[in-house]
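Line order of the protein sequences matches chains A and B.
Each residue of the first sequence is one higher than the last, beginning at 642 in the working numbering.
Each residue of the second sequence is one higher than the last, beginning at 57 in the working numbering.
Worth flagging that the hints you see were computed from the coordinates, not collected in a lab.
A few of these clues could be false.
Subject to a maximum C-alpha distance of 27 Å in a straight line, what follows is the list of computed DSSO-like cross-link-like pairs (lysine-lysine) [to be verified]:
1) K112/B / K830/A
2) K683/A / K64/B
3) K173/B / K209/B
4) K64/B / K173/B
5) K173/B / K705/A
6) K64/B / K729/A
7) K58/B / K705/A
8) K209/B / K87/B
9) K853/A / K683/A
10) K683/A / K58/B
11) K740/A / K853/A
12) K712/A / K59/B
13) K173/B / K683/A
14) K729/A / K127/B
15) K683/A / K87/B
16) K87/B / K59/B
17) K830/A / K712/A
18) K740/A / K173/B
19) K112/B / K740/A
20) K929/A / K853/A
21) K830/A / K683/A
22) K683/A / K918/A
23) K683/A / K705/A
24) K705/A / K830/A
25) K127/B / K731/A
26) K705/A / K731/A
27) K918/A / K731/A
28) K213/B / K683/A
29) K173/B / K127/B
30) K830/A / K173/B
31) K209/B / K683/A
32) K87/B / K712/A
Just the calculated beta-carbon pair ranges, DEER-fashion [claimed, not checked]:
33) T654/A / N60/B: 17 to 23 Å
34) Y798/A / E73/B: 39 to 45 Å
35) H152/B / K785/A: 54 to 60 Å
36) D668/A / E73/B: 22 to 28 Å
Just so it is clear, CB atoms sit at the ideal spot from N, CA and C, and this is done for glycine as well.
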Amino acid sequence: MIAENFNYDAPSTLEEAIALLHQYGDDAKILAGGHSLVPMMKLRFASPTHLIDINNIPGLSYIKEEDGLLKIGAMTKEVEVEESEIIKNKYHIFGDATKLIADPQVRNFGTLGGNLAHGDAANDHPAVMFALGASVEITGNQGKRTVPIDEFFHGFYMTAVQHGEVLTEIQIPAASGNYGSAYHKAERKVGDYATAGVAAMVQIGADGRCTKVGIGLTNVNSVPMRASRSEEALLGSDLSEAVINQAAQYASEDCNPSADLRGDEDYKRHLVKVITKRMLNLAISRAKNQG
Amino acid sequence: MKKNITFKVNGTEHSVEVEPRELLIHVIREKISMTGSHIGCDTSSCGACTILVDGKSAKSCTLLAVQANGKEITTVEGLATAEGLHPIQEGFHLNHALHCGFCTPGMMMRAIEMLEKNPNPTEEEIRWGIAGNLCRCTGYNNIVKAIQWASAKMQDKELPSTEPEFV
C-alpha cells in the first residue's frame with residue numbers, strides 16, 4: 642500500500658517546523674514516530690500534502706523530574722519510557738502501559754507526544770495522563786501554552802493542538818508520599834488496541850485515607866475519558882473494598898463503549914468494572930509498598 | 057517532489073532518489089536489490105520486514121525511505137561474514153527454527169537487538185521480545201530455542217542441545 646503523494650521536510654529547529662506549518666496550512670501534518678500516521682496514510686485514511694518530520698530537532702526527548710513535575714519530552718520514544726530508571730522506580734503505570742502498546746519494534750519509534758497528539762481514544766497514554774493529572778505543553782508562534790489533559794481531547798482525532806502548533810512536553814505532578822499507579826487493558830492479542838483499559842493512580846495519607854486519585858479509561862468513549870464519579874467516591878475515603886467496588890461500578894456506568902469486533906457494550910462495561918477494581922487494588926498495594 | 061537520500065546498508069553507502077511516499081522496505085528491495093527483508097502484512101503487524109536502523113529493530117514497511125536519510129541500516133544480508141554464519145543464523149539452522157522461512161529474516165533481526173539489550177533473556181522475555189513477529193509454521197518453540205542457543209553462543213557459554221524434542 643502506498644500513500645498519496647506529499648512533500649516532505651525535516652527541519653532542524655522547532656521554529657522552522659512551526660514556520661512550515663504556517664506556510665503549508667491545514668494540509669500539513671507533523672511526523673513524530675509515524676507508527677500511527679504512516680499506516681493511516683498507506684490506507685489513505687489520511688492524506689496530508691506536507692509532512693514535517695520533527696525527528697531531526699534536538700531537545701525534544703527527555704525524562705526528568707523538575708519543579709515538582711515529571712517532564713517528558715514529546716519525542717521521547719516508548720522504549721525510552723520503558724527503560725527509564727525514574728519511571729521504573731516511581732511511575733509503575735508506564736511500565737504496565739508501554740509493555741502493552743503494540744510491539745518492541747513499534748515502541749522503538751512511537752513517541753509519547755505522538756500517542757497523545759494523534760487524538761485516538763483507543764491509544765493507551767491518554768488514560769494514563771488522566772490518571773496522573775497531566776498537562777500538555779504546546780508550542781506555537783506565540784510561545785508556549787499549557788493545557789490540562791481534561792481540556793486536551795476535543796473529538797475524534799481532534800485535540801487542543803491547533804493549526805501551526807506542536808505538542809512539545811508532557812508535565813505530570815511528581816509522585817510524592819505513598820503514591821501508586823497501575824494500568825491494564827484487555828486485548829484480543831498482544832499489541833492490539835484495548836477492548837477496554839483502565840489507568841489508576843492513588844496517593845494515601847498517614848491516616849490511610851485517599852489524598853489523591855485519578856482514573857482514566859481507554860477505548861470506551863468517543864474521546865479518552867476520566868471516571869470522575871469514581872474519583873469522587875474514592876477521594877477522602879478509607880479505600881475499603883466497598884468503596885472500590887462502588888468506584889468500579891460508577892466507571893462501568895459512566896463510560897460509553899460501542900459494540901464492535903472486540904465485544905459488545907455489556908461485555909466492555911463489565912471489563913471496565915473488573916479492571917478498575919484490579920488497577921485500584923494494584924495501585925493501592927504499590928502505594929503502600931512505596932512510602 | 058523527489059528527494060535524494062544517502063544511507064548505509066550493511067556497511068555500503070547508497071544514494072538514491074525517492075518519492076517521499078516510498079516505503080523503506082520497497083527501496084531496500086527494489087532499488088538496493090536486497091530482497092532478504094520480506095513484505096508480509098504491509099501493516100506493521102507481522103514483522104517480516106524487520107531491519108535494524110542505527111541498531112534499533114524497525115518495521116521497514118512503516119518507515120518512509122526519506123526517514124532513513126543519514127542512517128545505518130542492517131538487513132539479514134549483513135549478518136554472515138567471510139568466517140561464516142552469524143550465531144543467530146546458526147541457531148535458527150541447527151534448531152530447525154523455520155519451515156517456510158518467510159518470517160525468518162525479520163525474526164533474526166529482531167532477536168539481534170533483543171540479545172544486544174538483554175544477552176540472557178528468559179523464555180518469557182524472548183516471547184515478549186518477538187511479540188511483533190508472526191510465524192505461521194513453527195509454533196515458535198524452535199524459534200525460542202534458536203534465540204536461546206544464539207544467546208549462549210554469543211557469550212561463549214555451554215551450548216544447549218539442538219536435538220529435537222518429541223512430545
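*asked:* Name the hints, by number, that the structure is in violation of.
replied: 6, 7, 8, 9, 12, 13, 14, 17, 22, 23, 24, 25, 28, 31, 32 and 34
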